[in-house]
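Participant: Sequence:
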Amino acid sequence: MFDQLSDQLKRALTEMNYRAPTKVQELSIPVFITGRSVIVQAKTGSGKTASYLIPALERGVDTLVLTPTRELAEQVAYEARRLAKYKRTSVGVIIGGVGYDRQEAEVDSKFIIGTPGRILDLWGRGSLDLSRFKLAVVDEVDRMLDMGFIEDVRMILSKTDAESFGFFSATVPEEVKDLAMEFAPEAQFLKVDDYKPVEIEHIFYQVRDNWNEKIFNLLKDVNGKTIIFTNTKIRAESLYERVSEKLSASLLHGDMSQGARRRNLMNFRKGNSEVLISTDLAARGIDVIDVDKVINFDMPRDVETYIHRVGRTGRMGRKGTAISYYTRREQEMVSRIRAIIQTKVISS
Numbered sequence: 001m002f003d004q005l006s007d008q009l010k011r012a013l014t015e016m017n018y019r020a021p022t023k024v025q026e027l028s029i030p031v032f033i034t035g036r037s038v039i040v041q042a043k044t045g046s047g048k049t050a051s052y053l054i055p056a057l058e059r060g061v062d063t064l065v066l067t068p069t070r071e072l073a074e075q076v077a078y079e080a081r082r083l084a085k086y087k088r089t090s091v092g093v094i095i096g097g098v099g100y101d102r103q104e105a106e107v108d109s110k111f112i113i114g115t116p117g118r119i120l121d122l123w124g125r126g127s128l129d130l131s132r133f134k135l136a137v138v139d140e141v142d143r144m145l146d147m148g149f150i151e152d153v154r155m156i157l158s159k160t161d162a163e164s165f166g167f168f169s170a171t172v173p174e175e176v177k178d179l180a181m182e183f184a185p186e187a188q189f190l191k192v193d194d195y196k197p198v199e200i201e202h203i204f205y206q207v208r209d210n211w212n213e214k215i216f217n218l219l220k221d222v223n224g225k226t227i228i229f230t231n232t233k234i235r236a237e238s239l240y241e242r243v244s245e246k247l248s249a250s251l252l253h254g255d256m257s258q259g260a261r262r263r264n265l266m267n268f269r270k271g272n273s274e275v276l277i278s279t280d281l282a283a284r285g286i287d288v289i290d291v292d293k294v295i296n297f298d299m300p301r302d303v304e305t306y307i308h309r310v311g312r313t314g315r316m317g318r319k320g321t322a323i324s325y326y327t328r329r330e331q332e333m334v335s336r337i338r339a340i341i342q343t344k345v346i347s348s
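Under the working numbering, the first residue of the sequence shown carries the number 1, and numbering increases by one thereafter.
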């Protein structure tokens, strides 16, 4: 399928090591590239981002992509710039936490990726003309709903002159369907439920509640590109100080400046640091495909958080490993997790 794209896109895809489309790309790109609207339901890590970036860039129309978080917007922009390298399509990012002067310098980009709040802000100030966009994409629509952004999204879409829409989501509840039908009643619904990533190996180590002992175990277990989760900012900072003595590491938590978070995430993505130490809040929207391992230095407080954390590895069909350290009093949480994931577990 990639063979039918322009030479510029094919060259970029080759440099990015895209060899064959994933299932979601195989289903959605041929439809979306013709200008038809789509509602695509597929799991995180299945290749959804390229499913809309490739058709949008190939069509060459003014495009608006809405994401629920700043971090996801920047990651999508990073991928878009790599794909657009030889097409020379300008890509702008419109997100909060960045000065207005810098944002207003990007509003004329052909390809805009942004969060709903700042997009509406710049539109309200008269800096961003939403009517020029002929293609609009809403990424992670279900998270937009969960985070209370749906009305902002509805307002933004109503101000565009988009001729086709893409709604991409891991789940499609009724509210998401209603939004899609409001703007694209003819949209084709594509559900990718047979995408099965390589099974993540789940490993649980019982440890004493001893800081130094846990760090000793941690340093032995880091191998390859690794995200380490802690439950608090203070724990993340303390762990970063210790780990960075032995390994190249980056830190991510919610109280860091947007610039610092962006730099640290980029260092991790590019492989300049092999370890990313993060809190759950800061990790929202992180989409780094080639993470080899996730380590729960602190056990998550609930099963949902565990699933969210370990989902950072084993993506796009890659093999992944999840290691969790737990104390005796956290045994109940481990049992609950094992009952939910229903897959092979290694305990020690």
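No lab work stands behind these hints: they were computed from the structure. Heads up, the beta-carbon is just placed ideally off N, CA and C, and yes, glycines get one too. Among the hints, erroneous ones may be present.
Capping the alpha-carbon separation at 30 Å, the derived lysine-lysine pairs in DSBU-like fashion look like this [as the list claims (entries may be wrong)]:
#	residue 1	residue 2
1	10	270
2	134	177
3	85	214
4	191	214
5	10	23
6	214	319
7	177	225
8	225	10
9	177	270
10	214	246
11	87	10
12	270	110
13	10	159
14	134	85
15	110	85
16	134	214
17	191	246
18	177	191
19	214	10
Derived DEER-like restraints, expressed as beta-carbon distance ranges [to be verified]:
#	residue 1	residue 2	range
20	266	88	17 to 25 Å
21	7	104	45 to 53 Å
22	206	16	50 to 58 Å
Participant: Is the distance from the Cβ of residue 206 to the Cβ of residue 16 consistent with 50 to 58 Å?
Facilitator: At 41 Å between Cβs, range violated.
Participant: CA of residue 10 to CA of residue 23, is that 30 Å or under?
Facilitator: holds, 18 Å
Participant: Is the straight-line distance between the alpha-carbon of residue 87 and that of residue 10 30 Å or less?
Facilitator: holds, 11 Å
Participant: Is residue 177 close enough to residue 191, meaning Cα to Cα at most 30 Å?
Facilitator: holds, 13 Å
Participant: Within 30 Å, alpha carbon to alpha carbon, are residue 214 and residue 246?
Facilitator: holds, 15 Å
Participant: Does the Cβ distance between residue 7 and residue 104 fall inside 45 to 53 Å?
Facilitator: Violated, since residue 7 and residue 104 (Cβ atoms, about 34 Å apart) do not stay within the stated range.
Participant: Given the proposed pairing of residue 110 with residue 85, does the C-alpha separation stay at or below 30 Å?
Facilitator: holds, 14 Å
Participant: Within a Cα-Cα threshold of 30 Å, do residue 10 and residue 159 meet the stated pairing?
Facilitator: The given pair, whose Cα atoms are some 33 Å apart, is violated under the 30 Å limit.
Participant: So if I understand the rule, the pair passes when the alpha-carbon distance is 30 Å or less; does residue 134 with residue 177 pass?
Facilitator: holds, 21 Å
Participant: Does residue 134 pair with residue 214 here, judged by a C-alpha cut-off of 30 Å?
Facilitator: Violated: residue 134 and residue 214 sit about 53 Å apart, past 30 Å.
Participant: Are residue 177 and residue 270 close enough, with their CA atoms no more than 30 Å apart?
Facilitator: Roughly 37 Å separates the two Cα atoms, so the pair is violated.
Participant: Mind checking the hinted window 17 to 25 Å against the Cβ distance between residue 266 and residue 88?
Facilitator: With Cβ atoms ~22 Å apart, the hint holds.
Comparing the model with each earlier hint shows violations of hints 3, 4, 7, 9, 13, 16, 17, 19, 21, 22; every other hint is respected.
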